[in-house]
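Assemble the whole structure, with the sequences as input and the hints as a guide.
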Amino acid sequence: MSRPGIHHPGASAVAAKGWVQANKWLLARRLSQALVVAVFLTGPLWGVWIAKGTLASSLTLGILPLTDPLMVLQGLLAGHLMTATALLGAAIVLGFYVLVGGRVYCSWVCPVNAVTDLAHWLRLRLGIEKGLNLNRDTRFWLLGGVLVAAAATGTIAWEAINPVTVLHRGLVTGSILGLGSAALVTAAVFLFDLGVAARGWCTHLCPVGAFYGLIGRAAVLRVTAVDRAACDDCMDCFSVCPERHVIAPALRGAAKGVGPVILSADCTNCGRCIDVCSKTVFRFGTRFRNAPTDAPTGSAEADAAAPPAKVA
Amino acid sequence: MATQRDSAQTPNRRAMLTGAVRGACALGVLGSLLALPSRKKAEAVALRPPGAIAEKDFAAACVRCGLCVKDCPYDTLKLSDRGDGPTLGTPFFNARAVPCEMCERIPCVAACPTGALDKGLTDINNAKMGVAVLVGQETCLNFLGLRCDVCYRVCPRIGEAITLELSHNARTAKHAFFIPTVHSAKCTGCGKCEKACVLDEAAIKVLPHALASGQLGKHYRLGWEEKKKAGGSLVEPSPEVQVRGMEGVEMTPGGTYKLEKRPDGGLKEFKP
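Order-wise, the sequence lines are chains A and B. With the UniProt record's numbering, letter number 17 in the first sequence gets 17, and the count goes up by one each step, no holes. With the UniProt record's numbering, letter number 38 in the second sequence gets 38, and the count goes up by one each step, no holes.
Be aware that a few hints might be false.
Facing chain B, according to a computed beta carbon distance under 8 angstroms, are these residues of chain A, among others [stated by the list, open to error]:
1) Ser32
2) Thr67
3) Glu129
4) Ser181
5) Leu194
What follows is a set of in silico ranges between Cβ atoms, one per label pair, in the way DEER data are often shown [stated by the list, open to error]:
6) Pro44(A) to Arg13(B): 45 to 55 angstroms
7) Thr153(A) to Ser213(B): 18 to 28 angstroms
8) Pro44(A) to Leu211(B): 28 to 38 angstroms
9) Arg30(A) to Ser213(B): 45 to 55 angstroms
10) Leu41(A) to Ala97(B): 16 to 26 angstroms
11) Ala91(A) to Ser213(B): 33 to 43 angstroms
12) Ser184(B) to Val220(A): 55 to 65 angstroms
13) Glu138(B) to Ala34(A): 48 to 58 angstroms
14) Pro73(B) to Gly144(A): 17 to 27 angstroms
15) Asp200(B) to Thr153(A): 48 to 58 angstroms
16) Leu118(A) to Glu201(B): 21 to 31 angstroms
17) Met235(A) to Pro11(B): 19 to 29 angstroms
18) Leu41(A) to Arg171(B): 17 to 27 angstroms
Just so you know, the hints here were simulated from the structure itself, not pulled from any lab data. Where a beta carbon is used, it is the ideal one built from N, C-alpha and C, also for glycine.
Shown next, in the form of structure tokens:
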């Protein structure tokens, strides 16, 4: 399976579009993930308070409350109705991800994503086989388990090990520098993804991602394979996609009369497929422009537009 | 190209190496998870911030966001990490390290978004973070007969939460003990006394209420309180029992004799 050469997806995109264009969304995502940590650090480090708290619950610029809706739900099941600030914060977060896609949280906000992406990159470099074969629906069972645990124990039990908040807390309080919970949980996730199961945590197990996937089922913002007629089957998008099953229905759906928009709630809107495609098949769009007949006209434009772009 | 040739020439060594990496990773995952609940050492009893709701409910309400910690101006509050004692990520303080300064505006409570710290606490003097207990009754300098008084002096509710109770020092027969005495109804559990105790290990320690206060059985009634409430004794008067030699002496309804003392000290009614 580990044929050398296949581990460099995006090479043709770099050749076609230049390095920056071929990594545009990846760079934007890393910047976004870094900013989500940085806004919490400017206060303690330099006295410039932008955001306080953690991803569990925060207050930005002293006015904007944001709370993880999964946390509010767990608290509710554990028998505590949280106060207005937390409920308002959860409603804002919920509204945002319902619009832009729940798993935008995973690819643009969650700090664990950078860890598991690094593990995946290293795994390809070292040629480590796929390993443990996990079912990606396992995360939904785990999400159910998290909620049952909250109700059964009367505590927000999942927070004892939740890598997302444990790592973010470690980053914004600096406790990641010691051999505390943040370092241990992060090491566990990294090593699991590196040596035990390919894309094990984020794609197959994480109940937080599963939850955000569920709330983003009807998201407006979606990746669309608008120029799918231009696809040359290089497989680079499949190679980089953390949820590769989401691509085929849209990319290969023209014959079956399926529209070009990637509608699966598992898609994290990371935009990496847009980056690595040398034929500019993908772009961000809305879920509404999804008529199967959109593709031919789009591809006609792309055929005219693509060659000059290469020259430039 | 170089990697292609390497892997083609030594497939066995490569398989062995990746197998070793995978094994090491699996062990690492296990090791990290097993190390997670480990304890660094037996720490002093951790206290919750002011206004914290009952521990059982707190675990359902606190989302471990750390907003209370960020708004604590004295860096009293910390988020629990591995080995600290309280549930991972929840706020606590160790009074001997940094006690609660009992801010008038209670910023930690104001910061809490979830109600884990109860906004109903508006007067910090009503906080119940714990209760101070003078555990070192053989080491406390005041118990030894000295006038240290430090815990009493630093108490933000001096003379209310801690008083000095006077008693006779029988060892010297001519000195007094001034015993620091905590009144749990007034003590906020701020821990200033524990912080200030001059001993190497504090003789006075703030403990959570559940540990410190004890609890009467729910069926217990305090006779004197019940009597006050009822406006009189709740028990039947004792039956009249005649005592030999006291025949003919008048009895009260309570069943005791009305006695008069004679000038020589004896009892007038008593005829041996």
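Status of each hint after checking the structure:
| no. | hint | result |
| --- | --- | --- |
| 1 | Ser32 | violated, 20 angstroms |
| 2 | Thr67 | holds, 6 angstroms |
| 3 | Glu129 | holds, 7 angstroms |
| 4 | Ser181 | holds, 5 angstroms |
| 5 | Leu194 | holds, 5 angstroms |
| 6 | Pro44(A) to Arg13(B): 45 to 55 angstroms | holds, 48 angstroms |
| 7 | Thr153(A) to Ser213(B): 18 to 28 angstroms | holds, 26 angstroms |
| 8 | Pro44(A) to Leu211(B): 28 to 38 angstroms | holds, 33 angstroms |
| 9 | Arg30(A) to Ser213(B): 45 to 55 angstroms | holds, 53 angstroms |
| 10 | Leu41(A) to Ala97(B): 16 to 26 angstroms | holds, 24 angstroms |
| 11 | Ala91(A) to Ser213(B): 33 to 43 angstroms | holds, 40 angstroms |
| 12 | Ser184(B) to Val220(A): 55 to 65 angstroms | holds, 58 angstroms |
| 13 | Glu138(B) to Ala34(A): 48 to 58 angstroms | holds, 57 angstroms |
| 14 | Pro73(B) to Gly144(A): 17 to 27 angstroms | violated, 42 angstroms |
| 15 | Asp200(B) to Thr153(A): 48 to 58 angstroms | violated, 40 angstroms |
| 16 | Leu118(A) to Glu201(B): 21 to 31 angstroms | violated, 46 angstroms |
| 17 | Met235(A) to Pro11(B): 19 to 29 angstroms | holds, 24 angstroms |
| 18 | Leu41(A) to Arg171(B): 17 to 27 angstroms | violated, 59 angstroms |
Of the hints listed earlier, those the structure fails to meet are numbers 1, 14, 15, 16, 18, in rising order.
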